[in-house]
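Enquirer: These protein sequence lines map, in sequence, to chains A and B.
The first sequence stops at residue 344 when you use the working numbering, and every number in between is there.
The second sequence stops at residue 647 when you use the working numbering, and every number in between is there.
Don't take every hint at face value.
To be verified - Part of the chain A face toward chain B, derived, beta carbon under 8 Å: (1) ASP132; (2) VAL290; (3) ILE300.
Said to hold, decoys possible - Computed, partial: chain A to chain B, Cβ under 8 Å: (4) LEU121; (5) PRO125; (6) LEU129; (7) VAL137; (8) VAL147; (9) LEU264; (10) PRO297; (11) ILE307; (12) PRO314.
Bear in mind the hints are in silico, worked out from the structure with no lab data behind them.
Since the structure is predicted, the reported quantities are computational estimates derived from the model, not experimental observations.
We put the beta carbon where it would ideally sit given N, CA and C, even for glycine.
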Amino acid sequence: MKRLPWYLRDAIYLALFVAILLAASWALNALRFPGIAYYNRIIVMIGINITLAVSLNIINGHAGQFSLGHAGFMAVGAYFSAFLTYFYFSPLVEKYPSAQGALLVVAVLAGGALAAVAGYLVGLPSLRLRGDYLAIVTLGFGEIIRVLILNIEKIGGARGFSGIPHWSNFFWVYFFAGITVLVSFRLVRSSVGRAFLAVREDQIAAEAMGINTTKYKVKAFVIGSFWAGVAGGLFAHYMMYLNPTMFMFLKSFDLVVMVVLGGLGSISGSIIAAVILTILPEGLRMAREVLHTDKDPRMIIYSITLIVLMLTRPQGIFGRRELWQVLAKRKDAVPKKERDDAAA
Amino acid sequence: MQELLQNLLNGIAVGAIYALIALGYTMVYGILKLINFAHGDVFMLGAFVGYYAGRWAAAHANSGHPANYFIAGGIMLLSMAVCGVFGYLNERIAYRPLRNSPRIASLITAIGVSFLLEYGGQFVFGPDPKFFPTLTPKHIVHLGGIVTTNYQIIVLVVAVIFMGLLQYIIYGTKFGRAMRAVSYNFEIASLMGIPVDRVISTTFVIGSALAAVAGILFGLSYPKIEPLMGIMPGLKAFIAAVLGGIGNVPGAVVGGLTIGIVEAFVGGSQFSNFRDAIAFVILIAILLFRPSGLFGKYEAEKV
Chain A
1 MKRLPWYLRD AIYLALFVAI LLAASWALNA LRFPGIAYYN RIIVMIGINI
51 TLAVSLNIIN GHAGQFSLGH AGFMAVGAYF SAFLTYFYFS PLVEKYPSAQ
101 GALLVVAVLA GGALAAVAGY LVGLPSLRLR GDYLAIVTLG FGEIIRVLIL
151 NIEKIGGARG FSGIPHWSNF FWVYFFAGIT VLVSFRLVRS SVGRAFLAVR
201 EDQIAAEAMG INTTKYKVKA FVIGSFWAGV AGGLFAHYMM YLNPTMFMFL
251 KSFDLVVMVV LGGLGSISGS IIAAVILTIL PEGLRMAREV LHTDKDPRMI
301 IYSITLIVLM LTRPQGIFGR RELWQVLAKR KDAVPKKERD DAAA
Chain B
345 MQELLQNLLN GIAVGAIYAL IALGYTMVYG ILKLINFAHG DVFMLGAFVG
395 YYAGRWAAAH ANSGHPANYF IAGGIMLLSM AVCGVFGYLN ERIAYRPLRN
445 SPRIASLITA IGVSFLLEYG GQFVFGPDPK FFPTLTPKHI VHLGGIVTTN
495 YQIIVLVVAV IFMGLLQYII YGTKFGRAMR AVSYNFEIAS LMGIPVDRVI
545 STTFVIGSAL AAVAGILFGL SYPKIEPLMG IMPGLKAFIA AVLGGIGNVP
595 GAVVGGLTIG IVEAFVGGSQ FSNFRDAIAF VILIAILLFR PSGLFGKYEA
645 EKV
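Given the sequences, and given the hints that come with them, work out the whole structure.
Expert: This is the structure in structure tokens:
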């Protein structure tokens, strides 16, 4: 059978995905038991973290540009979209309640766009820097963004931004997570994605092959920060409150940990690591009862787990491979060079 | 003029502390090319050892004033020893097994160790801020027109002593020569019979001991300590190390002082809200215009 063109296939995937999501969100709404709000919240946070981890994976994993400022881009998207809905869209929705979903999408995409602009500005210094220096500069940019937000009174400053309408929900969060994942998969298989991989593997060789390395590095930053901004917007409209301390570099560290733990460059790895690392601290709540202590040992166990995992599997859970490639265990599933790198 | 000098002195006092932390960063980065994110938290550990030792000393003093320069010196040595042991274990357990893995793996492990110290600190010491005991008598000193305490002078003197000591170790001893050789090229250094592992361990011990000194000095000057106190000074010290040219010891000192002074001036101006961001602005500016730092050597990439 002849394969359908890619856009038709993607349209079918998306339609199926949306149908499943609608069914799932209907089921979630129908469920009623004590504490459902808590589980709902975890599930939504997982979706947001998947979007963030997969988008960071484009920058860190595919293009190989080590960024520690993802929380900054998320903050830009979160604050800008919240600003739009709070000041402009909320009155509109009061008049036309049915426009809420469309306006959420507009706000979230606008937040993503501004985050992409910020990503462009941060991507520029990557012309000159690499490795650890780039990491520390992106960390610096993230912190500068945070301090700037802290000093803008209009969006709450240090008090935080409250009163954001509760528009985002399970459906929208997973809808955008799904699109991010799909875009990410399509991207790696495209010429742009191939160029990313070439820059990651060997920048000088890539340049010799005629790849404009600067252009692709900046491109990776722009795409990655766009989706981070989208995730931020969804986060803002779910939490209904934003505070600059939510976007400290510790949040960026969390995201980097997800990407590295899943395996740099492995999309399914990022997703699984995002799920595990979001659930882990929640699941560890019981540790407190087991240890009979009134202090909270969750984060200690979390950090020890992190160290042990890195010591035992420095290349991440899946290395550079995807879940099904690991499961298939077929030697020809991955070119030899990639396999050796993953093993090294 | 007076205000200018006052800001300058405050800046130098903070900068000296940043410089001591920056030395640990720069030595480790020079040798392993690893940003040891846990270093700022070792600084916190040093301050807490000083806190508990200081309280113990005060409780066991026979009578009169427990604050005394000898006891303070002893507490500082104890703190250095504890942090030194921690630095050794940290390298041995968390970094050495990953020396041949991708560098990012050790970076993540460093972040893990940093989390462990921060949250472990909250668990063991409690998350609430504690008041650092006065280890030595405190009085106000008038220097020309500016008012200061003897603590700022102690901070400066102690910092200068340790910087001098480190300079001597690195450029005046056989071990220092080994250290420089390892940082230049660690494979060839090992071919020349230099015990690379031991040199790296010792570097971690020295760096951590310096962080402990910084922790105690910080506790003396800003007596509120808490388990997350190491994060910001740690980052700023790293920036100081990059500013001076990472791997370069005098550079770390100059970088630390620069950051401290600039921060003091910004903090004293109308832009005081942006105090925490200014270090990062300096960092970005320096990396854009002089990526190897003020005193770093530019290394062309070999194909």
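Enquirer: What hints, given by number in increasing order, does this structure fail?
Expert: Hints 2 and 4 contradicted; others consistent.
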